[in-house]
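*Asks:* Using the numbering used here, the letters of the sequence shown correspond one by one to residues 1 to 236.
These are computed hints drawn from the structure, not numbers from a lab.
Hints may contain errors.
[Stated by the list, open to error] Simulated DEER-style distance windows between Cβ atoms:
| no. | residue 1 | residue 2 | range |
| --- | --- | --- | --- |
| 1 | D173 | R137 | 28 to 38 Å |
| 2 | V227 | K194 | 43 to 53 Å |
| 3 | H186 | V45 | 26 to 36 Å |
| 4 | E94 | W231 | 24 to 34 Å |
| 5 | K68 | A93 | 21 to 31 Å |
| 6 | T90 | W231 | 49 to 59 Å |
| 7 | G203 | D133 | 34 to 44 Å |
| 8 | G136 | G111 | 14 to 24 Å |
| 9 | R51 | G203 | 32 to 42 Å |
| 10 | A93 | S176 | 25 to 35 Å |
| 11 | L223 | G136 | 50 to 60 Å |
| 12 | Y98 | T139 | 20 to 30 Å |
| 13 | K68 | K108 | 34 to 44 Å |
| 14 | S87 | K224 | 42 to 52 Å |
All C-beta atoms in this analysis are idealised placements derived from N, C-alpha and C, irrespective of residue type, glycine included.
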Amino acid sequence: MSLRRDFWRRAKWPAGLALALSALLLSSCDRKAAPGAPGPPGEWVTLKGRRLEPHKSNDGDSFHVRHKGDEFIFRLYFVDCPETDTSVPTRNAEQRSYFAVTAKELQKAAGEAEAFTAEALKKPFTVTTRSQDAMGRSTRYYAVVTVDGKDLAEMLLARGLGRAKGALANLPDGESAKARMKHFKHLESEAKAKRIGIWADSGRAEKWHERLIQRAKASWRKLKTAVGEFWEKHGF
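Let's have the full structure, built from the sequences with the hints guiding it.
*Replies:* Have a look at this one:
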C-alpha cells in the first residue's frame, strides 16, 4: 500500500466520526421544544393544573391556555364543534350541510359548545400534547384535554355539541387513533338518535321546506280539479 493511500485511509476515520457526531447532535437538537412550543415536536408532554385564558376567539374546541408565563392556543383532537367564527363562509356552509341546520341554528349550537367548554374549564385541567401544528391564523397545537379525568372532546360529543372529525393521534396510553375515533363516532350517533344539542334542530328546516312543497302540490291538485269541474259544468 502506498504512503499516500494509507494517509487518506487513516484520514477518513476522524472525518467520518465527526460527521456521525454532528448528525447525532442535530438529531438531539431537533427533539428540543421549538421556540414558543409547549414541548418537543412529536413527543407527548402533560401540562397539569392549567387554567383557561379568557379570549374572544375561544370556542368549543379551541381555546387559549396559560402555562408557565406563556400563552398557548390548543385545538382538541378528534372533535369538531360548530364554528362561532363566521369569517370563512365555506367552512360554515359545510358544517350547516353536515348537521342539516340553518345558519342561525349553527350559531346557536356554537354558542352552546363555547359556553359548555368555558364552564367545564373553570376547574384546573390537564393538557396532553405532542406540539402538532393545528394550523390557523394564529399558532395552535392539537391536544387532549381532561377535566377531573374526563375527556373534554368526549363530553362535547355526548352532549351533541360537535361531531367526531378532525386530527387523529395514537394516544400515549396506548389507545389507537382508529379505536378512539370509533368510540367517538358511536357517541355522535347516540347524541343524534337522542336529538340533543345541535341534533335537536337537525333536519328541521328541510322538513319544513318539504311540508311547504307537499302543501303546494296539494293546492295545485285541488286547483286542477276545480278548473276541470268548472269546464265540464259549463260545457267547455
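*Asks:* Run every hint past the structure and note whether it holds.
*Replies:* Comparing the hints with the structure gives:
1. The given range of 28 to 38 Å is respected by D173 and R137, whose C-beta atoms sit roughly 32 Å from each other.
2. The supplied range of 43 to 53 Å is met by V227 and K194, whose beta-carbon atoms lie about 48 Å from each other.
3. Distance hint check for H186 and V45: the Cβ-Cβ separation is about 29 Å, which falls inside the suggested range of 26 to 36 Å.
4. Checking the proposed 24 to 34 Å range against E94 and W231 shows it is violated: the Cβ atoms sit about 51 Å from each other.
5. Take K68 and A93: their Cβ atoms lie about 40 Å apart, and the range 21 to 31 Å is violated.
6. Separated by about 52 Å at the C-beta atoms, T90 and W231 satisfy the suggested range of 49 to 59 Å.
7. With their beta carbons about 36 Å apart, G203 and D133 fall inside the hinted range of 34 to 44 Å.
8. Between G136 and G111 the CB atoms are about 20 Å apart, so this pair conforms to the stated range of 14 to 24 Å.
9. Taken as a hint, the range 32 to 42 Å holds for the pair R51 and G203, whose Cβ atoms sit roughly 39 Å apart.
10. The supplied range of 25 to 35 Å is met by A93 and S176, whose beta-carbon atoms lie about 32 Å from each other.
11. Checked against the hint of 50 to 60 Å, the C-beta distance between L223 and G136 comes to roughly 55 Å, which is consistent with it.
12. For Y98 and T139, the hinted distance range of 20 to 30 Å is satisfied, since their beta carbons lie about 27 Å from each other.
13. For the pair K68 and K108, the beta carbons lie near 37 Å from each other, so the given range of 34 to 44 Å is met.
14. Against the hinted window of 42 to 52 Å, the Cβ-Cβ separation of S87 and K224 comes to about 49 Å, which satisfies the hint.
Hint compliance for this structure: hints 4 and 5 are not met, and every other hint is.
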